[in-house]
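*Asks:* Given next are the chains, with one letter for each unit.
There are 2 protein chains.
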Amino acid sequence: MAKKVLIIGAVALGPKVACRLRRLDPQLEITLIDRDDIISYGGCGIPYYVGGDINDIEDLCKTTSHALRDEAFFENCKGIRVLTRVEAKEINRRQKQVKVCNLETGEETLLPYDKLVLATGASAFRPPFPGSGLPRVFTVSDLHEAKNLKTLMSTGKVSRAVVVGAGAIGLEITEALTDLWGIATTLVEMEDQVLPTLLGKCIARVAAGELQKHGVELLLEARVLEVSENPETGKLTVKTSKKSLEVDIVVLAAGVRPNTALAREAGLALGTSGGISVDQRMRTSDPNIYAGGDCVEVRNLISGENMLMALGSLANRQGRIIATNISGGQSHFKGTVGTFCLKLFELGVSKAGLTYRQAKETGFDPVYGVVSQADHAHFYPSSELIYISLLADRKSRKILGIEAAGKNGDAVKARVDTIAVLLDHGLHVDEVCSLEIGYAPPFASAMDVINNAGNALDNILAGNNRPIDAADFLYEFVHKTTRIIDVRGEKEAAPFKAKYGARWVNIPQDQLRRRYSEIPGNEPFFLICDTGPRSYEAQVFLSSRGITNTRNIQGGFAMIKVTDPTFI
Amino acid sequence: MAKKVLIIGAVALGPKVACRLRRLDPQLEITLIDRDDIISYGGCGIPYYVGGDINDIEDLCKTTSHALRDEAFFENCKGIRVLTRVEAKEINRRQKQVKVCNLETGEETLLPYDKLVLATGASAFRPPFPGSGLPRVFTVSDLHEAKNLKTLMSTGKVSRAVVVGAGAIGLEITEALTDLWGIATTLVEMEDQVLPTLLGKCIARVAAGELQKHGVELLLEARVLEVSENPETGKLTVKTSKKSLEVDIVVLAAGVRPNTALAREAGLALGTSGGISVDQRMRTSDPNIYAGGDCVEVRNLISGENMLMALGSLANRQGRIIATNISGGQSHFKGTVGTFCLKLFELGVSKAGLTYRQAKETGFDPVYGVVSQADHAHFYPSSELIYISLLADRKSRKILGIEAAGKNGDAVKARVDTIAVLLDHGLHVDEVCSLEIGYAPPFASAMDVINNAGNALDNILAGNNRPIDAADFLYEFVHKTTRIIDVRGEKEAAPFKAKYGARWVNIPQDQLRRRYSEIPGNEPFFLICDTGPRSYEAQVFLSSRGITNTRNIQGGFAMIKVTDPTFI
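Protein sequences appear in the order of chains A and B.
Its first residue numbered 1, the first sequence is counted upward by one per residue in the working numbering.
Its first residue numbered 1, the second sequence is counted upward by one per residue in the working numbering.
Heads up, a few of these hints could be off.
Identical chains blur together in the list; that is why a pair holds if it fits in one copy or across any two.
The calculated BS3-like cross-link candidates involving lysine-lysine, where the alpha carbons are at most 30 Å apart (straight line), are [unchecked claim]:
(1) Lys497 <-> Lys62
(2) Lys398 <-> Lys334
(3) Lys497 <-> Lys561
(4) Lys491 <-> Lys62
Because the hints were derived from the structure by calculation, they are not lab data.
Excised from the complex, chain A in its bound form (with noise of 0.2 Å):
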């Protein structure tokens, strides 16, 4: 008789199992249920459908030659029986069968499995405040309510939203409604920073100053408390910590959790993050039960700890490693470094491994270089800049993660890509700084931003730059009195020299060498130029001559402009 392999859960990790093992074992009996009648989609297109850019819902459900992946498709394409609207209730892994319920009918039966996959995913997290179950306060990790809540926005009905939640999917989600829709949208952010697992403060600074620059109200450190509804107007009232607003629509992206019953229920073990444990080879405690994506906890490979991480790339490349494994094969799941992207308005944001607060926690001793510079060769026409953050441990000079933002988001992550492909293989300071890349003008500089970005690091570890990074010199020059040495030209520093008068300093690079001694050695200094090379330049000459109490602004002021675009 065939082996039966039966797979709770249709949407990403469950077809791409079914399938590569129907590709491997033409004779197994494969299986395929889902409590939802909308199966095999991109989840993570959801927020360009709401948006816009994805018009029809059912784009999402279909294969790159536009056949809907459906029950007939996987039946007549794929040889695989699915059955949808069908509830997996209960596992019994002494008769290896799972109890199931027909939504439709009601009707409980039985099916029988020699191996079963759990890719039962992860549902949205609803925050327990008064009011977050209102019909008008929505999640969108789910296809249905994506499509009420884009209805409810094509009538016109929306003018002002809150979306709770800063995480990847609150952004997402935000420019959905602000681009498209027009939208006034308000984002409360429990944390100090947007993407506060993703981001340190530097990157998030720029990504926060995008959602500023395109209208979007932002409130850090501030909690939902409670959300009423108008029954006259059907408005929402939203007290936050912060403010109370009046809005139409209330979107919550306050994460997921991992949808770990049935497994919980079966006796499996879950890990100390709350997901299903599982081992290299994607198997559960019990070797004939495998489980993948949204609702399993990886290995970080940095900070060698358990985490959740829901993302459609790392549950397809599970799902061919569980198939592979259960044909007979041998494939392992090490772990993920957290690579990551984003696109937000015009600008993309991308990162891999840990951020200095995670690598505080995890216990290195955490040193960052942050760097400005074009993604293209500087004198080729089509050149933008990036933002790169890197950060090593200081003593083992092993790099812990990049972070990365820039208006070609494809450049942007081709740089993180490099260095994210690399985390696990002990990749050191010394190596980014001769790394490898493609160059001609038209896509990298000769000395690429990355190298750059290892050069940085390499002089701060030396000791030879002295940086400070453009929050920290934002909030110190607002707070302090320290002054600041511009040596960039007379024409660029003439605006700041009269609104800060005497804090101003303005000495050109081709000057300092004779005009140095008009520095007062025992003062300090902030350095600032275009994008940081000047600076830290100025800032070694000077040491050399004894001025050593200066501070080098890091991706100077391009930095500074995507930072907090109103300083000047």
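Fit chain B to the given chain A structure using the hints.
*Replies:* Same frame as chain A, but now just chain B:
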């Protein structure tokens, strides 16, 4: 007394060494000499200057903050002495001094050194055919010739041109002549493909298709025998082994040769490739003499052989390493994996590692997989196709090289760069399948094209995918009678059925499971779909039904279209 560092050559590596050295050691006496009067310029930008993307030749000589990098700049901003129009004639290693000649006055002097750096670069090779020295036969590795060429074209006197050599510079200059100036250009290449040392035949065909799409005439396996000038009209007659052409200019892009005379005459070791031999610290056989950039040979980290690789990015990285070492630090240049990229009209082309041919010659047993897939999520509006050829050694499953092309050059380069940086870490096929690059629909697929390149190669190595590449298919389809099974929809297949009759069998994917018995099991067939996944799945299914004499066309129609735009 301050230590003296003398640097011969002031284009790319020389200035890099000088500037970093000054930052690392304020006491050194640093002298930079060059026989030219234009220094510290972006030589890689010359084709873009010729093609008009860059208007002014001075833009290639300016810093990111628009300062001209001339003698005064180096003196005032960097504290570095630069002598231009000064040629090094002889190195006296015992006395540690260099005899130099002032090219303006003819005066000869001796410059002493403690450490000497050879940054003598490379010169364009002028093939020795009769007429190669005529005034209208240009090379473009020299800023002065580039200027003359551009001046001539801007007078409107050039309507036809021959470019000799389809390497990187040849292709870049062909685009420059064709795109801005509308010059009818014939590209002459000795080998049977463009970019013969850089690409295998698959991606080379894509590049050739792009040239033809833009009206460039391509003469492969052709040699220039003679160029002669009509003294009355000024026109040139170019006699090649294939045909004769009457043109206004000839541009030689037949490669460069390292400038090693000075080193050789001083008794320094040269390598088998003809470049100056250096160790990992970039020291020549004389530990007081360093060398780097286009005049040295570097180690290919995949083949283990030494080779020449004239590239501004290597020069810059090596320059930093030399400076670190001269100042007492420890920095190493291990070698290169030959990462390379190029813009060709609307196409980005990129590669790293060995080509199929080079891998064979090195003694590997190379196998490659080809995929066509969108760079971004297929449901996201901005996506463009990327074509990837991934090469591995059959037994060790180690990746040997990658080549790619596509419209979004940044996205193409991104994929190649992630493989490039892992090549000397012993990257296995399996690691490519799970390579963790950033995922969001605007920038990647959940199972990204780079992962799928790994998957395809994995399936080929496992024997599940029995492929034929587009170029071989096109040849066989014309020269043999093998039939094809097209598993796309009826509408897509209709024009091909009309054209090829019984040779073109159409069984759409969703009918194959019930109609496979129509296929004679002993007859050979090609299998095709849009981009490859459906024809692969069909092959696997047919194999399970005993129909095993099939070959799956890698990259599908998408690959055929860019390989031969005339195939329907």
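*Asks:* The structure should be examined with respect to each hint, and the outcome stated for every one.
*Replies:* Now for the hints, and whether the structure bears them out:
{"no.": "1", "hint": "Lys497 <-> Lys62", "in the structure": "between (59 Å within a copy, 26 Å between copies)"}
{"no.": "2", "hint": "Lys398 <-> Lys334", "in the structure": "both (20 Å within a copy, 18 Å between copies)"}
{"no.": "3", "hint": "Lys497 <-> Lys561", "in the structure": "within (17 Å within a copy, 60 Å between copies)"}
{"no.": "4", "hint": "Lys491 <-> Lys62", "in the structure": "between (56 Å within a copy, 18 Å between copies)"}
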